[in-house]
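Residue numbers for the sequence shown follow the numbering used here, so the first one is 1 and each next one is one higher.
Simulated from the structure, these hints should not be mistaken for laboratory data.
In silico EDC-like links for lysine to aspartate or glutamate, alpha-carbon gap of 16 Å or less: (1) Lys102 to Glu84; (2) Lys59 to Asp8; (3) Lys102 to Asp9; (4) Lys102 to Glu85; (5) Lys102 to Asp8; (6) Lys59 to Glu36; (7) Lys102 to Glu81; (8) Lys59 to Asp9.
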Amino acid sequence: MEFLVVEDDPHMLAAEIVGLELRWPEATVRGVTTGEAALRAIRNQHPDVVLLDVRLPDKTGLEVLYEIRQQSDVPVLLVTECDEEYARVVGHALGATDFLPKPVSSQVLIERVTAALNGSTSDTADA
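Could you put the whole structure together from the sequences, leaning on the hints where they help?
Next up, the structure:
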């Protein structure tokens, strides 16, 4: 199993990676900090799930999601600030699998990633 975490904040990136590694120690977890790096990783490494920050330095997460959907149906969980309703609405239209509130608790991270791996979504209010 392979996860890709796309997050430009080093503390959030580390927290998300550690949360995934603790739950799935056998998995490969890669972290990148830009949209372009995310698109390259998806083309070359074919992750099972992508955690994608909405705000990145080179592209928005929504732009990256649009480009991902041109080449892959990998589950993509958008990581958004609680008040980013626009990102949630557009992200859903672009094919986001689910949404995670920022900051992401380990419990919510594991629940939402597990749901994505099982093919279901839980687009609930920010838990």
